[in-house]
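Q: Go ahead and model the full structure; you've got the sequences and the hints to work with.
Each residue of the sequence shown is one higher than the last, beginning at 1 in my numbering.
No wet-lab data here; the hints were simulated from the structure. Any given hint might turn out to be false.
Simulated crosslink set (DSSO-like; lysine-lysine; CA at most 27 Å straight-line) [what the hints assert, rightly or not]:
#1 Lys79 to Lys36
#2 Lys36 to Lys53
#3 Lys80 to Lys46
#4 Lys36 to Lys73
Across the chosen pairs, the derived CB separations fall in these ranges [unchecked claim]:
#5 Ile11 to Leu83: 40 to 46 Å
#6 Glu70 to Ile3: 40 to 46 Å
#7 Arg6 to Pro44: 30 to 36 Å
#8 Glu31 to Ile9: 31 to 37 Å
#9 Thr55 to Lys5: 51 to 57 Å
#10 Val19 to Ala89: 20 to 26 Å
#11 Phe24 to Ala89: 17 to 23 Å
Where is the CB? At the ideal position from N, CA and C, for every residue including glycine.
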Amino acid sequence: MSISKRKQIWIISITTLLVIYLFFFPNPTAELAVRKHLFFSLHPVKAFRVQVKVTGSTSFGGAELFFVNEVSKSFIWVKKNWLGYRVIADGTGP
1 MSISKRKQIW
11 IISITTLLVI
21 YLFFFPNPTA
31 ELAVRKHLFF
41 SLHPVKAFRV
51 QVKVTGSTSF
61 GGAELFFVNE
71 VSKSFIWVKK
81 NWLGYRVIAD
91 GTGP
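A: This is the structure in structure tokens:
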């Protein structure tokens, strides 16, 4: 069975849109934003295994501070905009 040209174009188009969405658009939850940041920061296994803790601290332009114990840059600032949540900074201390 061969896939028709039209079907191949649809598959390529949908795959391209999904990749663009995953790389460039914010996430629906803050925890997913932190996990996506870990995944693309060369910690793919830890992105799925570590516990993400909310510190309750809000500052840095209205961003919320998250703590991940098992990575070198364990403090991660997440800010919400009208599209969703996005990581704006990370570091070794608040």
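Q: Each hint needs a verdict: does it hold in this structure or not?
A: Now for the hints, and whether the structure bears them out:
{"no.": "1", "hint": "Lys79 to Lys36", "verdict": "holds (14 Å)"}
{"no.": "2", "hint": "Lys36 to Lys53", "verdict": "holds (15 Å)"}
{"no.": "3", "hint": "Lys80 to Lys46", "verdict": "holds (23 Å)"}
{"no.": "4", "hint": "Lys36 to Lys73", "verdict": "holds (14 Å)"}
{"no.": "5", "hint": "Ile11 to Leu83: 40 to 46 Å", "verdict": "violated (26 Å)"}
{"no.": "6", "hint": "Glu70 to Ile3: 40 to 46 Å", "verdict": "holds (43 Å)"}
{"no.": "7", "hint": "Arg6 to Pro44: 30 to 36 Å", "verdict": "holds (35 Å)"}
{"no.": "8", "hint": "Glu31 to Ile9: 31 to 37 Å", "verdict": "holds (36 Å)"}
{"no.": "9", "hint": "Thr55 to Lys5: 51 to 57 Å", "verdict": "holds (53 Å)"}
{"no.": "10", "hint": "Val19 to Ala89: 20 to 26 Å", "verdict": "holds (25 Å)"}
{"no.": "11", "hint": "Phe24 to Ala89: 17 to 23 Å", "verdict": "holds (18 Å)"}
The structure does not agree with numbered hint 5 stated previously, though it agrees with all others.
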